[in-house]
Each structure stands twice: as structure tokens, then as C-alpha cells.
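J.: Listed below are the residues making up each chain.
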Amino acid sequence: MSQAKQQQPRTSPIPAGTLLARLKGVSKAYGPVQALSDVDIAVHAGEVLAVLGANGAGKSTALGLLTGRLGADTGLVELLGGDPRDAGIRRGIGVMLQEGSLPDTLRVIEHVRLYSTYYPDPRPVAESLALAGLQDIAKRLYSDLSGGQQRRVQFALAICGRPALLFVDEPTVGLDVEARRNFWSVLRQLRGEGTGIVLTTHYIEEADALADRVLLLANGCVLAEDTPAGIKARAAGKRIRARTSLSLAAMSTWPEVRSSSIDEGVAELVSNDAEQLLRRWLAADAGLADIECRPLSLEEAFLTLTSPTAKVPLEKVA
Amino acid sequence: MSSPLQTMRLDIGRPSVLRIYLAEATSELVRVIRTPSFAAPTLAFPLVFYVMFAIVLPGQWGDLDKATYLLATYGVFGVIGPALFGFGVGLAMERQQGWLELKRVSPMPTGAYFFAKIAMSLVFALTTIVLLSTTAIAFGGVHITLVTWLKLVATLLLGTMPFCALGLWIGTLVKGQSAVAVVNLVYLPMSVLSGLWIPLMVFPPILQKIAVIWPAWHLSQMALGVIGQSHDVRYGMHAATLLAMTAMFLSLAAMRLRFK
Chain A
3 MSQAKQQQPR TSPIPAGTLL ARLKGVSKAY GPVQALSDVD IAVHAGEVLA VLGANGAGKS
63 TALGLLTGRL GADTGLVELL GGDPRDAGIR RGIGVMLQEG SLPDTLRVIE HVRLYSTYYP
123 DPRPVAESLA LAGLQDIAKR LYSDLSGGQQ RRVQFALAIC GRPALLFVDE PTVGLDVEAR
183 RNFWSVLRQL RGEGTGIVLT THYIEEADAL ADRVLLLANG CVLAEDTPAG IKARAAGKRI
243 RARTSLSLAA MSTWPEVRSS SIDEGVAELV SNDAEQLLRR WLAADAGLAD IECRPLSLEE
303 AFLTLTSPTA KVPLEKVA
Chain B
2 MSSPLQTMRL DIGRPSVLRI YLAEATSELV RVIRTPSFAA PTLAFPLVFY VMFAIVLPGQ
62 WGDLDKATYL LATYGVFGVI GPALFGFGVG LAMERQQGWL ELKRVSPMPT GAYFFAKIAM
122 SLVFALTTIV LLSTTAIAFG GVHITLVTWL KLVATLLLGT MPFCALGLWI GTLVKGQSAV
182 AVVNLVYLPM SVLSGLWIPL MVFPPILQKI AVIWPAWHLS QMALGVIGQS HDVRYGMHAA
242 TLLAMTAMFL SLAAMRLRFK
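Those sequence lines, one after another, are chains A and B. Adding 2 to a residue's 1-based position in the first sequence gives its number in the numbering used here. Adding 1 to a residue's 1-based position in the second sequence gives its number in the numbering used here.
A hint or two may mislead.
Listed below are several chain A residues computed to face chain B (Cβ distance under 10 Å; list not exhaustive) [to be verified]: (1) Arg71; (2) Leu81; (3) Pro86; (4) Leu116.
I should point out that these hints are in silico values taken from the structure, not numbers from a laboratory. These numbers were taken from a predicted model, which means no experiment stands behind them. In this text, a Cβ means the ideal position worked out from N, Cα and C, and glycines have one as well.
Let the hints inform the model, and build the full structure from the sequences given.
T.: Printed below as a string of C-alpha cells:
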């Protein structure tokens, strides 16, 4: 009896928080270019980990290592209790790459059917098609699809095998707003089923909307790893806008001001000490009006943390 | 690094390997059948040339039975086309489009990819042989026993191996559509210089001598021997040469694939 239960592949979800994949002290160089230096990444069941970073920060290399496309120079790469370069281990993952297209002369449903054979317990083809929103175009040739529809086929291939761990690399590039929202809701649904999801994206709002944790890469190092709210807090600071009669030159000398700009009399100041700045500003400009104060967006936090002038308060950077 | 594994090992079942291989081969076949620029020329060229040179054009070469002789050589021409194009252009396109990258991170066993391309080449090769043979028997007055025909089929199908390997190597060297040009630059001159279109004896002696460097010439000698149009064929030497060439092309391809 118990043996039969073990044979049964994952009908019950993996408990959230289970460690599914990790990089430990991993470095990887391409010739003289150090793509990753001593990077640690952990991915758990039932969470969305967003990997952010500028081009060349090491996102693709990290993904390539976790999905078995690359080998590390040093350090440990571990996936589902094995080596991702082992095709058998990869039965537990689904991957949607950033670039690449599928053979033009196969139909949508034929692509999904073929990929489903790679997995021991695939979703029914109709379910994969429905999750990716492809029911109505299942019989179309891949070459006849729009760019967004082609991306959805690639997504269907990534999820057709009920992977415990899903890698999606820039999944919503080229999707319209509605398609993107639908995609997000599917990712949330999969996370709810216990799937671990690694997401790389250029869209900060996507990470903000989806991620449980954000990993910030810069120059091959982990710059920060936190919740989206935590990342925002790390790049602590608020943005204050107000209509003022003062000159930008005068305000930018104040010690509380981190950055400043002005447009037709409306100034925008970024500060780590918003209260103190506000007091000073109100004292200096009796006519200050239309005051507006809000926290930095994840994007602004991201820019602050990765800008070359940022004082990096993080343990990772040696 | 001997750090203990900490990630959770899943109880993942095994899918049927046979099913994967069959599905992969079926997809590859469907894919190329729907690609007119592949399917039409690889099937039509050998047949059209055979009809022109063996049946329509008059003339006699020594004491050879022209229609039978050319059935063997156009058979060779017909089977190496899909092998070269399937592997060469197929791999080059799939590398450029990123399809291969996606396959590499999928759980597909690597062998299934190559099996699919070999299976596709063999299906096209067999189709070409059947088309040529039917034409030769119906319109070329060729007489051939079933046993001889089966031997010819076996020789030609096994003989696709070095061309699959050569195609694979080309596919690792060039990307995308330029592979079509490169394959044609190899395929057509090699076919002519191996005597597949018209017998080598009409060529200058120097070209007849250097024919030994072409794998297509070695395969054609075996096919001509099997079909009774050439005597004293040293099968062992030709087969060994073809095997050695297969191994060489495979090694070259493997080196290219490893360096990337």
C-alpha cells in the first residue's frame, strides 16, 4: 500500500516552504567576464521568487545554472535533490525561456502534446491549453500566431508537466495589459497549488505584484534579497512633491535631500528623513502648496540600490 | 564540493521512453512534411533527374544498363538529401531560433532528438527509393528481384549514416538559413563528382581518381555492386571508409557542440 502511494507522483502538493533548488557559493565566468561571483539563491515551494537586475547582472546565468543549461565553475548547484544537468531531475521543472521560438509548422496542440510526453504525470492537454488561454487557437499553426500568442504556447509547454518548480524568464514581454493580468492570475493559481516559481522580469510592477521575495542582482553579486516591501524599505526614503517658489539649487544643498528635480514650479525631493525635510521646507517657503508625500516605488528603490553612487549597506558586497 | 543535498527529492515517475521517441519522431516528420521547401525538393529532385537521364535522354554508356545503373546512383542521391538537409538545416535553424535551448532545459532525453531526425531521414529515404524503383520498373524496363531490391534498400538506408553525421557537423558550424546554401554547396558538387548524376567514366581521369574522398562515391560503389552494375566491389573497404567518415564527422560535431 505504502509503496503504491510513493509511486503516485505528487497528487498532493508539496508543503509550502520546502526547499526545491539552490545555488550555494556559485561562481561562473565566461572568459574574462565574471557573470556570477559567490552567489547564494534558494527557491521554495509555494513562493514566487523574482530575480531582478540590469542586463548583464547575471540573471540569465543564474537561470541557466538552475535549469541545467550551464555548469558552475565553483560552488554547488542543486535541483530537487540532484543535478539539473540530469534530464531525469528536470522532469520536476518547467521552463519558459526569454528568447526563442518553436517550429513554425506544428500546431499549438501538437506542441503541447509532444511536451506532455516528456513528463510522467502531465496535465490533460486541454487543461494546459486552458491555463495558457489557448483553447480557441489550439489548431492553429505556430507560424500563424501573434507574438503574444506564441509566448502563451511557450508558457503552456512550461506548465504542461505539472512541474514542482517553474522558471519563467521575462514572461510577459510583448503581452498586452489584459493578457499580462491573466498571466499573473495563472501564476498566482500555480503558486497556490504549491508550485515554486522563479521569475525574471524587467517590469518592476510585475515583481511587486507577484513576488514573495525579490532577489536583486548587480554585476554578478546578490545585492539584496527581501520581500518587495523590504526592498522598498531598504532603499528607505520617501518622495515629496510640492509647489514651491524656491530654486532647485537652494533646495539641493539641504542635508536631507538625496535627489531633487523641478518642473514648472513643482519640485520633487527624495529623502531618507522626510519629516525633517518637510519641516525645513515649510519653514523656508511660507507659500508651499500641493504637498504630496509617498514611499518609493519598487522601481525607484531598485534604481537607488543599483545606482553606482549608492552606498551599499549590504553584507553581500565585499 | 561535497555538501550534502538539501533540496527535496521528488518521487517523480518515469514517462515511457518509447512514447517520447515516437512522439518526437512523429513531430519531426509532420514538421518537415509541412515544410514545402524541404519535402518537395528532397522527393522530387532525384525522381526528376532519374526520369531525365535514365529514361528520356537516349544514349548508352558501354555495356551498362543505364536505367539500372542510375537507379542505384540516384538512389544514393535521393537518400543523402534528407539526411544532409534534415540534420544540417534542421539543427542550424533550431539553434538560431532557440528551439534547441528550450529542448536542452526540458526533460527530453537527448537521444530522442537525434532519433527523431534519423527516423525522419529514413522515412524520406525509403519513400524516395520506392518512388525511384517504381518508376524504374514501370518506365525504365528495369528487372530486379525482390531479394536484390531489399539488399539495395538496406545498403542505401544504412548508408545514410555518414550523411546524417556530416549534416550534424554542418548544422553546428552555421546558423539559420545560411545552412541551406552550405548544404547545397556540399550536396550537389559531391553528388556530381561521385558519379551519381552521370557515370564517372565520362569525367576526366583526375576527377575519377579523387572521387575516393567523397562518402557518396563509396556508397554508390556498394549500391552498384548490389544491383549488379559493378563487379569486384570491395564492400569491406567501402563500408569501413564510410564508418570512419561517420566517426570523424560525429567527433567534429561533438567538439563544436561542447565548445559552446
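J.: To test your reading of the hints: which numbers does this structure violate?
T.: The structure breaks none of the hints.
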